[in-house]
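Undergrad: Following the hints, complete the assembly by docking chain Z onto the known chain D.
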Amino acid sequence: MTCPDRPTDLDLLLIGAPVDASVRDHAEACTVCAEEVALDAEITAALRARRTVTAPAGLAAAAIAQARAQAEAPAPRSRRAPAASRPAVRRARPLYLRTAGVALAALLGLAMLWSLRPDAPAVPAGPTTADATDRQPADPTPEPEPLPVAQETEDEPDTPAPDVTAPIAAPPPAPTRREAPPADRPDPAPTPQPEDVPSENLAQATPGDSPPTPEEVAQAEAELKLAFALVDNAQQRARRAVREEASSIPTALNHVIPFAP
Amino acid sequence: MPPSPSPDAVVQRHADLVYRVALSLLRDADEAADAAQEALVKVWTNCADIPVAKHPAWCARVARNAALDLIRRRNVRPRPASEPIDEPTCASPLPDAGVENAELDVEIERALGTLDEPYRSIVVLREVEGMAYQEIADALDLPLNTMKVYLHRAKRRLREAIAERAPELVP
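Sequence lines, in order, name chains D and Z.
So in the working numbering, spot 68 of the first sequence is number 489, and the numbers just go up one at a time.
So in the working numbering, spot 47 of the second sequence is number 1543, and the numbers just go up one at a time.
Derived by calculation from the structure, the hints in this document are not laboratory data.
Example chain Z residues on the side facing chain D (calculated, C-beta under 10 Å, incomplete):
| hint | residue |
| --- | --- |
| 1 | Leu1513 |
| 2 | Ala1525 |
| 3 | Ala1659 |
Remember, predicted model here, so these are calculated numbers, not experimental data.
Using N, Cα and C, we set each Cβ at its ideal position, and we do this for glycine too.
Extracted from the complex, chain D is given alone in its bound form (with noise of 0.2 Å):
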């Protein structure tokens, strides 16, 4: 239906957009946008009537007593609250103390991402309570061992000192964590896999219980989907009942004190 000299223009000109005066000049002498104009100004006219539709009776009331309730109504104490309404005493924190835990945190964050990254070089752990004594023996200079309190007590120069020379069977020092098996170990066995070990619902189930089907699936959705239908339904029940009795009081009220001219 568009005239085909001015396809644009013509747009341009009905939603009142300002255009040459050609356009004008043509919009009059073209049949077809003569047409299109006529038509357009019939809709618009149309469209303006339904201005005229208006809110049923009661329902900014209803609104107005529905805001007004839930106004009233105590907080959940589940929601956050605003930061404004927080005590200002957190919020009034030092900066220095703010930027001494953010650093610590990094500090943490970046030694853990150390100790955990995959190419890290095997470090020699630390002697640890039970290396210490393991190793003992190795040291060239033990010290001898404690005497009894007996003995510290009498003075006995001829006793002879303890061979520490004596070889003493040394345990082989515990493995570290990241020492790589020896070749001729026998393969561990296979570790199992999730799908492998059965879970504790799978252990729990009869021998009659099997996986839902897709039936029970789709009917459990159903029924999901059913029970939110009829919550729906009730608020707009309720909804509605609301907006009756607003609309009811002020017939109530004509019927008990009518106007008297």
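TA: Frame of chain D, contents of chain Z only:
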């Protein structure tokens, strides 16, 4: 500076606008009343934060959001364009308006139903509510020029739909 009206007054003043916007989207009087009530509760709660001059555009925006939210939440689709709307769309037809005017009204309603968002809201806010372009752009959160392009596209689609379905109504 004029004193800001009370929330009750704001709700009373814009209840019709909110209802019409919701009705144009939902095409069902009961659903539109529900959406309008939700929107008016939000208007009552937050109108103190909005400048008075922007109340109409803001109310239209709240109403549109409430209607779209209702559509999403209840998974209700807007009525097909072939079904007539419940509410009387023209309360006081012109004296010389006869059958042809009613037919045109039905066709306009049908053509409006074929428009997608935001075209329908733009047409309603502009032609029914008579809002200014900038108000519509603010209400729909669109750039001004984009809104103008959408408006003339929507009006052209309306004309084409009516001319295609009811050529006898074209003058």
